[in-house]
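The sequence shown: position 129 = 129 (our numbering), numbered continuously.
Treat the hints as calculated values from the structure; they're not laboratory data. There could be a bad hint or two in this list.
[Stated by the list, open to error] Dumping the calculated EDC-like pairs for lysine to aspartate or glutamate here, alpha-carbon to alpha-carbon at most 16 Å:
(1) Lys313 <-> Glu268
(2) Lys117 <-> Glu129
(3) Lys260 <-> Glu280
(4) Lys193 <-> Asp125
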Amino acid sequence: MIGTGTKIEYTSFNEKEKDNTKNNFKNGLSFDYTTGLPYIPGSGIKGVIRDFFPQKIEDKNYLEKEKLKYQEQNEAKMELINQILESNYSFEEIEKIKESIFDGRDFREKENLEEEKFLPIFKRDKFIEGRILVQDGKQILDKDYITPHKKILENPVPIQILKIVPETEIEILFQLNETKIFKSEGNDIIITKEQKKNLFTEILFLTGLGAKTNVGYGHFDEEASIKVTRKREEDARKILEKEKLEVLEKKKEQMSDFEKFVYEFKNEWNEQTKKGKVSEIEKFEGKEKKEIAKLFLSDLKNDKKPSKKTKEKIKKLEEIINS
(Lines of atoms letter the chains of each structure in order from A and count residues from 1; the text may use other names and numbers.)
(Lines give C-alpha, C1' and ligand atoms only; values in the text may rest on other atoms or scores of the structure.)
Protein backbone atom coordinates (compact mmCIF):
# COMPACT_ATOMS: atom_id res chain seq x y z
CA MET A 1 0.00 0.00 0.00
CA ILE A 2 1.67 3.19 -1.17
CA GLY A 3 0.73 6.09 1.06
CA THR A 4 1.06 9.82 0.67
CA GLY A 5 2.64 10.62 4.01
CA THR A 6 -0.74 11.65 5.44
CA LYS A 7 -3.64 9.92 7.18
CA ILE A 8 -5.55 7.64 4.82
CA GLU A 9 -8.66 5.49 5.13
CA TYR A 10 -8.89 2.22 3.21
CA THR A 11 -12.04 0.34 2.24
CA SER A 12 -11.91 -2.79 0.09
CA PHE A 13 -13.77 -2.78 -3.25
CA ASN A 14 -16.25 -5.43 -2.08
CA GLU A 15 -17.10 -3.47 1.06
CA LYS A 16 -17.78 -0.36 -1.03
CA GLU A 17 -20.33 -2.29 -3.08
CA LYS A 18 -22.07 -3.44 0.10
CA ASP A 19 -21.98 0.07 1.53
CA ASN A 20 -20.56 -1.44 4.68
CA THR A 21 -17.68 0.32 6.39
CA LYS A 22 -17.25 -1.93 9.42
CA ASN A 23 -14.08 -3.42 7.91
CA ASN A 24 -12.51 -0.07 7.04
CA PHE A 25 -8.90 0.47 8.01
CA LYS A 26 -8.52 3.70 9.97
CA ASN A 27 -4.88 4.45 9.36
CA GLY A 28 -2.72 7.11 10.97
CA LEU A 29 0.61 5.83 9.67
CA SER A 30 2.82 7.87 7.36
CA PHE A 31 4.11 6.07 4.29
CA ASP A 32 7.25 6.82 2.32
CA TYR A 33 6.57 8.19 -1.16
CA THR A 34 9.23 6.01 -2.80
CA THR A 35 9.23 2.67 -0.96
CA GLY A 36 5.65 2.61 0.30
CA LEU A 37 6.91 1.57 3.74
CA PRO A 38 5.61 3.20 6.91
CA TYR A 39 8.06 5.57 8.55
CA ILE A 40 8.24 7.96 11.50
CA PRO A 41 8.63 11.61 10.39
CA GLY A 42 11.61 13.44 11.86
CA SER A 43 9.32 16.19 13.10
CA GLY A 44 7.48 13.65 15.26
CA ILE A 45 10.73 12.32 16.74
CA LYS A 46 11.92 15.87 17.43
CA GLY A 47 8.62 16.76 19.10
CA VAL A 48 8.65 13.75 21.43
CA ILE A 49 12.23 14.40 22.56
CA ARG A 50 11.65 18.13 22.96
CA ASP A 51 8.52 17.51 25.01
CA PHE A 52 10.60 15.54 27.51
CA PHE A 53 12.65 18.61 28.41
CA PRO A 54 11.41 20.81 31.30
CA GLN A 55 8.81 23.42 30.34
CA LYS A 56 8.52 27.03 31.54
CA ILE A 57 5.41 27.41 33.68
CA GLU A 58 5.76 30.96 35.06
CA ASP A 59 4.13 32.56 32.04
CA LYS A 60 1.30 30.04 31.81
CA ASN A 61 -2.16 30.71 33.19
CA TYR A 62 -2.21 27.64 35.45
CA LEU A 63 -3.91 27.13 38.79
CA GLU A 64 -1.56 26.65 41.74
CA LYS A 65 -2.36 22.93 41.86
CA GLU A 66 -1.47 22.56 38.17
CA LYS A 67 1.71 24.59 38.61
CA LEU A 68 2.79 22.29 41.43
CA LYS A 69 2.19 19.23 39.26
CA TYR A 70 4.20 20.64 36.33
CA GLN A 71 6.95 21.76 38.70
CA GLU A 72 7.28 18.19 39.99
CA GLN A 73 7.41 16.92 36.40
CA ASN A 74 10.11 19.46 35.55
CA GLU A 75 12.21 18.38 38.53
CA ALA A 76 11.90 14.71 37.54
CA LYS A 77 12.87 15.51 33.94
CA MET A 78 15.86 17.61 35.05
CA GLU A 79 17.05 14.83 37.34
CA LEU A 80 16.90 12.25 34.56
CA ILE A 81 18.58 14.50 31.97
CA ASN A 82 21.40 15.29 34.41
CA GLN A 83 21.73 11.61 35.23
CA ILE A 84 22.10 10.63 31.56
CA LEU A 85 24.49 13.52 30.81
CA GLU A 86 26.38 12.90 34.09
CA SER A 87 25.99 16.58 34.95
CA ASN A 88 24.34 18.95 37.41
CA TYR A 89 22.80 21.60 35.14
CA SER A 90 20.27 24.11 36.44
CA PHE A 91 16.83 24.67 34.90
CA GLU A 92 18.12 27.79 33.07
CA GLU A 93 21.09 25.87 31.64
CA ILE A 94 18.90 22.98 30.45
CA GLU A 95 16.54 25.55 28.92
CA LYS A 96 19.43 26.98 26.88
CA ILE A 97 20.49 23.47 25.84
CA LYS A 98 16.91 22.82 24.69
CA GLU A 99 16.71 26.08 22.72
CA SER A 100 20.06 25.38 21.06
CA ILE A 101 19.14 21.81 20.05
CA PHE A 102 15.54 22.35 18.95
CA ASP A 103 15.39 26.03 17.91
CA GLY A 104 18.95 26.47 16.66
CA ARG A 105 19.76 29.27 19.11
CA ASP A 106 23.44 30.24 19.21
CA PHE A 107 24.73 30.57 22.78
CA ARG A 108 28.41 29.95 21.98
CA GLU A 109 29.51 33.52 22.72
CA LYS A 110 28.77 35.88 25.63
CA GLU A 111 27.05 38.52 23.49
CA ASN A 112 24.67 35.88 22.09
CA LEU A 113 23.07 35.34 25.51
CA GLU A 114 21.20 38.63 25.23
CA GLU A 115 20.74 38.79 21.46
CA GLU A 116 18.58 36.38 19.47
CA LYS A 117 21.21 34.80 17.23
CA PHE A 118 20.90 31.45 15.52
CA LEU A 119 23.30 28.72 14.44
CA PRO A 120 23.93 28.20 10.72
CA ILE A 121 21.85 25.36 9.29
CA PHE A 122 24.80 22.97 8.94
CA LYS A 123 25.60 23.40 12.66
CA ARG A 124 22.10 22.46 13.82
CA ASP A 125 20.93 19.01 14.87
CA LYS A 126 18.73 17.24 12.33
CA PHE A 127 16.03 14.74 13.22
CA ILE A 128 15.74 12.82 9.96
CA GLU A 129 13.29 9.93 10.36
CA GLY A 130 12.60 6.51 11.79
CA ARG A 131 12.76 3.87 9.05
CA ILE A 132 11.84 0.20 9.09
CA LEU A 133 14.63 -2.31 8.51
CA VAL A 134 12.92 -4.84 6.25
CA GLN A 135 13.84 -8.50 6.77
CA ASP A 136 13.08 -11.17 4.18
CA GLY A 137 9.88 -13.05 4.91
CA LYS A 138 9.00 -11.00 7.99
CA GLN A 139 5.62 -9.28 8.16
CA ILE A 140 5.71 -5.62 9.15
CA LEU A 141 2.02 -4.61 9.06
CA ASP A 142 -1.05 -6.16 10.65
CA LYS A 143 -4.56 -5.18 11.69
CA ASP A 144 -5.74 -4.42 15.20
CA TYR A 145 -8.83 -3.03 16.87
CA ILE A 146 -9.55 -0.20 19.25
CA THR A 147 -12.93 0.18 20.94
CA PRO A 148 -13.85 3.75 21.91
CA HIS A 149 -16.70 3.99 24.45
CA LYS A 150 -18.36 7.23 23.40
CA LYS A 151 -21.61 6.63 25.32
CA ILE A 152 -22.03 4.58 28.47
CA LEU A 153 -25.34 2.95 27.51
CA GLU A 154 -24.51 2.14 23.88
CA ASN A 155 -22.51 -0.78 22.56
CA PRO A 156 -19.07 0.39 21.37
CA VAL A 157 -18.20 -0.05 17.70
CA PRO A 158 -14.70 -1.53 17.22
CA ILE A 159 -12.49 0.41 14.84
CA GLN A 160 -10.05 -1.57 12.72
CA ILE A 161 -6.61 0.03 12.53
CA LEU A 162 -3.37 -0.72 10.75
CA LYS A 163 -0.35 -1.25 13.00
CA ILE A 164 3.34 -2.10 12.78
CA VAL A 165 3.79 -5.61 14.19
CA PRO A 166 5.81 -6.17 17.39
CA GLU A 167 9.56 -6.90 17.11
CA THR A 168 9.85 -4.87 13.91
CA GLU A 169 13.27 -3.22 13.76
CA ILE A 170 13.15 0.56 13.34
CA GLU A 171 16.27 2.65 12.82
CA ILE A 172 16.12 6.24 14.14
CA LEU A 173 18.30 8.59 12.09
CA PHE A 174 19.87 11.75 13.50
CA GLN A 175 22.56 14.11 12.25
CA LEU A 176 24.01 15.57 15.43
CA ASN A 177 26.52 18.31 16.23
CA GLU A 178 28.30 19.37 19.39
CA THR A 179 26.41 21.96 21.47
CA LYS A 180 28.28 24.71 23.30
CA ILE A 181 26.73 27.10 25.84
CA PHE A 182 28.80 30.05 27.10
CA LYS A 183 29.06 30.44 30.88
CA SER A 184 30.31 33.66 32.48
CA GLU A 185 31.64 31.66 35.43
CA GLY A 186 33.35 28.31 35.20
CA ASN A 187 33.75 26.15 32.12
CA ASP A 188 31.40 26.44 29.16
CA ILE A 189 28.75 23.73 28.78
CA ILE A 190 29.69 21.20 26.11
CA ILE A 191 27.24 18.50 25.00
CA THR A 192 28.97 16.05 22.65
CA LYS A 193 27.33 14.14 19.81
CA GLU A 194 27.70 10.89 21.76
CA GLN A 195 26.04 12.41 24.83
CA LYS A 196 23.12 13.61 22.71
CA LYS A 197 22.72 10.20 21.12
CA ASN A 198 22.60 8.55 24.55
CA LEU A 199 20.16 11.18 25.85
CA PHE A 200 17.78 10.90 22.89
CA THR A 201 17.93 7.10 22.98
CA GLU A 202 17.05 6.95 26.67
CA ILE A 203 14.18 9.40 26.18
CA LEU A 204 12.72 7.32 23.34
CA PHE A 205 13.01 4.14 25.40
CA LEU A 206 11.05 5.86 28.16
CA THR A 207 8.37 7.61 26.10
CA GLY A 208 7.98 5.57 22.94
CA LEU A 209 6.92 7.08 19.60
CA GLY A 210 3.60 7.64 17.88
CA ALA A 211 0.01 7.54 19.05
CA LYS A 212 -1.49 5.50 21.91
CA THR A 213 1.79 4.89 23.74
CA ASN A 214 -0.26 4.98 26.95
CA VAL A 215 -1.95 1.70 25.98
CA GLY A 216 1.16 -0.11 24.80
CA TYR A 217 1.70 0.98 21.21
CA GLY A 218 4.91 2.54 19.95
CA HIS A 219 7.29 1.39 22.68
CA PHE A 220 10.80 0.09 22.03
CA ASP A 221 12.31 -3.02 23.60
CA GLU A 222 15.50 -1.69 25.19
CA GLU A 223 17.12 -5.09 25.76
CA ALA A 224 16.38 -6.27 22.22
CA SER A 225 17.54 -2.91 20.80
CA ILE A 226 20.88 -3.21 22.59
CA LYS A 227 21.36 -6.75 21.23
CA VAL A 228 20.49 -5.67 17.69
CA THR A 229 22.80 -2.64 17.91
CA ARG A 230 25.69 -4.76 19.17
CA LYS A 231 25.14 -7.33 16.44
CA ARG A 232 25.05 -4.65 13.76
CA GLU A 233 28.21 -3.05 15.14
CA GLU A 234 29.91 -6.47 15.22
CA ASP A 235 28.79 -7.21 11.64
CA ALA A 236 30.05 -3.79 10.51
CA ARG A 237 33.38 -4.43 12.28
CA LYS A 238 33.76 -7.80 10.54
CA ILE A 239 32.98 -6.28 7.15
CA LEU A 240 35.53 -3.51 7.78
CA GLU A 241 38.17 -6.04 8.85
CA LYS A 242 37.46 -8.15 5.77
CA GLU A 243 37.79 -5.12 3.49
CA LYS A 244 41.06 -4.12 5.19
CA LEU A 245 42.37 -7.67 4.80
CA GLU A 246 41.48 -7.71 1.10
CA VAL A 247 43.25 -4.38 0.57
CA LEU A 248 46.28 -5.66 2.49
CA GLU A 249 46.43 -8.90 0.49
CA LYS A 250 46.38 -6.91 -2.76
CA LYS A 251 49.11 -4.66 -1.38
CA LYS A 252 51.23 -7.66 -0.35
CA GLU A 253 50.87 -9.17 -3.82
CA GLN A 254 52.71 -6.14 -5.18
CA MET A 255 55.52 -6.37 -2.60
CA SER A 256 58.89 -7.99 -3.21
CA ASP A 257 59.80 -11.05 -1.11
CA PHE A 258 61.98 -8.83 1.07
CA GLU A 259 59.25 -6.19 1.63
CA LYS A 260 56.68 -8.87 2.39
CA PHE A 261 59.00 -10.61 4.88
CA VAL A 262 59.72 -7.33 6.73
CA TYR A 263 56.03 -6.37 6.81
CA GLU A 264 54.94 -9.73 8.23
CA PHE A 265 57.78 -9.63 10.78
CA LYS A 266 56.69 -6.20 12.08
CA ASN A 267 52.92 -6.58 11.87
CA GLU A 268 51.80 -10.21 11.87
CA TRP A 269 54.20 -12.61 13.58
CA ASN A 270 54.23 -13.28 17.33
CA GLU A 271 57.44 -14.08 19.24
CA GLN A 272 57.13 -17.82 18.72
CA THR A 273 56.62 -17.43 14.98
CA LYS A 274 59.64 -15.12 14.72
CA LYS A 275 61.91 -17.68 16.40
CA GLY A 276 60.79 -20.30 13.90
CA LYS A 277 61.49 -18.00 10.95
CA VAL A 278 65.16 -17.23 11.70
CA SER A 279 66.36 -19.97 9.35
CA GLU A 280 64.52 -18.33 6.43
CA ILE A 281 67.08 -15.53 6.46
CA GLU A 282 69.18 -17.73 4.15
CA LYS A 283 66.70 -17.05 1.33
CA PHE A 284 68.06 -13.51 1.08
CA GLU A 285 71.42 -12.09 0.08
CA GLY A 286 73.56 -9.01 0.54
CA LYS A 287 72.00 -5.88 2.02
CA GLU A 288 68.52 -7.43 2.35
CA LYS A 289 69.96 -10.34 4.36
CA LYS A 290 71.74 -7.94 6.73
CA GLU A 291 68.57 -5.83 7.24
CA ILE A 292 66.55 -8.90 8.16
CA ALA A 293 69.34 -10.11 10.44
CA LYS A 294 69.17 -6.78 12.31
CA LEU A 295 65.43 -7.25 12.84
CA PHE A 296 65.87 -10.71 14.32
CA LEU A 297 68.88 -9.66 16.39
CA SER A 298 67.05 -6.69 17.92
CA ASP A 299 64.14 -8.94 18.82
CA LEU A 300 66.21 -11.80 20.28
CA LYS A 301 68.27 -9.44 22.46
CA ASN A 302 65.08 -8.50 24.31
CA ASP A 303 65.09 -11.99 25.82
CA LYS A 304 66.36 -11.44 29.39
CA LYS A 305 67.19 -15.12 29.92
CA PRO A 306 68.22 -16.43 26.48
CA SER A 307 68.62 -20.17 26.06
CA LYS A 308 71.73 -21.77 24.62
CA LYS A 309 69.97 -22.12 21.28
CA THR A 310 68.98 -18.44 21.29
CA LYS A 311 72.58 -17.42 22.06
CA GLU A 312 73.76 -19.43 19.05
CA LYS A 313 71.21 -17.63 16.85
CA ILE A 314 72.38 -14.24 18.15
CA LYS A 315 76.00 -15.14 17.38
CA LYS A 316 75.11 -16.23 13.85
CA LEU A 317 73.09 -13.07 13.19
CA GLU A 318 75.98 -10.88 14.38
CA GLU A 319 78.29 -12.69 11.97
CA ILE A 320 75.89 -12.00 9.07
CA ILE A 321 75.68 -8.30 9.96
CA ASN A 322 79.47 -7.92 10.30
CA SER A 323 80.32 -9.90 7.17
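Do the hints match the structure? See the list:
1. Pair hint Lys313 plus Glu268 does not hold up; C-alpha atoms about 21 Å apart against a cutoff of 16 Å.
2. This hinted pair does not check out: Lys117 and Glu129 have alpha carbons roughly 27 Å apart, beyond 16 Å.
3. Annotation: proposed proximity of Lys260 to Glu280 holds, straight-line Cα distance about 13 Å (limit 16 Å).
4. This hinted pair checks out: Lys193 and Asp125 have alpha carbons roughly 9 Å apart, not beyond 16 Å.
Of the numbered hints stated above, those contradicted by the structure are hints 1 and 2, listed in ascending order.
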